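**Student:** Generate coordinates for the entire structure from the input sequences, incorporating the hints supplied.
Numbering (numbering that gives the first Met the number 0), first residue to last: 0 to 129.
These are calculated hints, taken from the structure and not from any lab test. All values derive from a computational prediction rather than experimental measurement. Any given hint might turn out to be false.
[What the hints assert, rightly or not] No farther apart than 20 angstroms at their CA atoms in a straight line, the calculated lysine to aspartate or glutamate pairs in the EDC-like style are these: (1) LYS13 with ASP85; (2) LYS93 with ASP12; (3) LYS75 with GLU129; (4) LYS43 with GLU115; (5) LYS43 with GLU129; (6) LYS73 with ASP116; (7) LYS13 with ASP116; (8) LYS75 with ASP116; (9) LYS43 with GLU17; (10) LYS13 with GLU27; (11) LYS43 with ASP85.
[As the list claims (entries may be wrong)] Just the calculated beta-carbon pair ranges, DEER-fashion: (12) PRO112 with PHE31: 16 to 26 angstroms; (13) LEU54 with ASN15: 24 to 34 angstroms; (14) LEU86 with ASN36: 13 to 23 angstroms.
Using N, Cα and C, we set each Cβ at its ideal position, and we do this for glycine too.
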Amino acid sequence: MQTNSDIYQAFIDKINTEFGGTFSISYEGYSFTPPANGVWLELKHFPNTGVDQSLASNTVLAQGLFQVTAKSRKEKGIMHIQNTCDLVAAEFPKNTVIAGTCRVSAVPWTLSPLTEDDRISVGLTIPYSE
Numbered sequence: 000m001q002t003n004s005d006i007y008q009a010f011i012d013k014i015n016t017e018f019g020g021t022f023s024i025s026y027e028g029y030s031f032t033p034p035a036n037g038v039w040l041e042l043k044h045f046p047n048t049g050v051d052q053s054l055a056s057n058t059v060l061a062q063g064l065f066q067v068t069a070k071s072r073k074e075k076g077i078m079h080i081q082n083t084c085d086l087v088a089a090e091f092p093k094n095t096v097i098a099g100t101c102r103v104s105a106v107p108w109t110l111s112p113l114t115e116d117d118r119i120s121v122g123l124t125i126p127y128s129e
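**Tutor:** Written as structure tokens, this is what we have:
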């Protein structure tokens with residue numbers, strides 16, 4: 000059984016390996032200044048209540064969601080942000096190992112675009128479980 004910290008760190012490591020040279024990446028709890036242009040990624044981890052196997056065991060299987068949000072300034076439209084989400088989703092197909100026995104548990108999906116004053120964002124949800 001992996002801890003939530005182990006799982007999140009493994010996810011961060013995978014994102015950094017695949018996309019760290021291509022995109023600026025924002026993590027919770029760290030200062031981040033978005034680039035003036037181009038796409039950047041924002042990572043969030045939402046662990047859920049684990050699956051408790053039985054009263055006779057202390058084993059609890061981890062499950063939760065990773066949220067990768069692709070963001071960009073408004074001047075470029077939405078397609079390059081959607082394409083970024085597609086690139087990330089392609090690296091995390093169902094059954095991809097995250098850490099130990101923890102795997103992507105379903106096909107990742109994108110959310111509707113959100114428009115803020117100076118940027119547009121599209122979220123990609125990646126579910127996982129042991």
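**Student:** Each of the hints needs a verdict: does it hold here or not?
**Tutor:** Results of checking the hints against the structure:
Taken as a hint, the LYS13 and ASP85 pair is honoured in the structure, with Cα atoms around 16 angstroms apart against an allowance of 20 angstroms. A threshold of 20 angstroms between alpha carbons decides the hint, and for LYS93 with ASP12 the separation of about 18 angstroms falls inside it, so the pair holds. The suggested pairing of LYS75 with GLU129 is violated, with an alpha-carbon distance near 39 angstroms, which exceeds 20 angstroms. Our distance criterion of 20 angstroms between C-alpha atoms is met by LYS43 and GLU115, whose separation comes to about 19 angstroms.
For the hint pairing LYS43 with GLU129, the CA-to-CA distance comes to about 19 angstroms; that is within 20 angstroms, so the pair holds. This hinted pair checks out: LYS73 and ASP116 have alpha carbons roughly 9 angstroms apart, not beyond 20 angstroms. For the suggested pair LYS13 and ASP116, the alpha carbons sit about 31 angstroms apart, so the restraint of at most 20 angstroms is broken. For the suggested pair LYS75 and ASP116, the alpha carbons sit about 14 angstroms apart, so the restraint of at most 20 angstroms is met.
Straight-line distance between C-alpha atoms of LYS43 and GLU17 comes to about 17 angstroms, which keeps the hinted pair within the 20 angstroms bound. The straight-line distance between the Cα atoms of LYS13 and GLU27 is roughly 16 angstroms, inside the 20 angstroms bound, and the hint therefore holds. Between LYS43 and ASP85 the alpha-carbon distance is near 18 angstroms, which keeps this suggested pair within the 20 angstroms criterion. Checked against the given bound of 16 to 26 angstroms, the beta carbons of PRO112 and PHE31, roughly 21 angstroms apart, stay inside it.
At about 40 angstroms, the CB distance of LEU54 to ASN15 disagrees with the hint of 24 to 34 angstroms. Restraint check, LEU86 to ASN36: a C-beta distance of roughly 18 angstroms satisfies the suggested window 13 to 23 angstroms.
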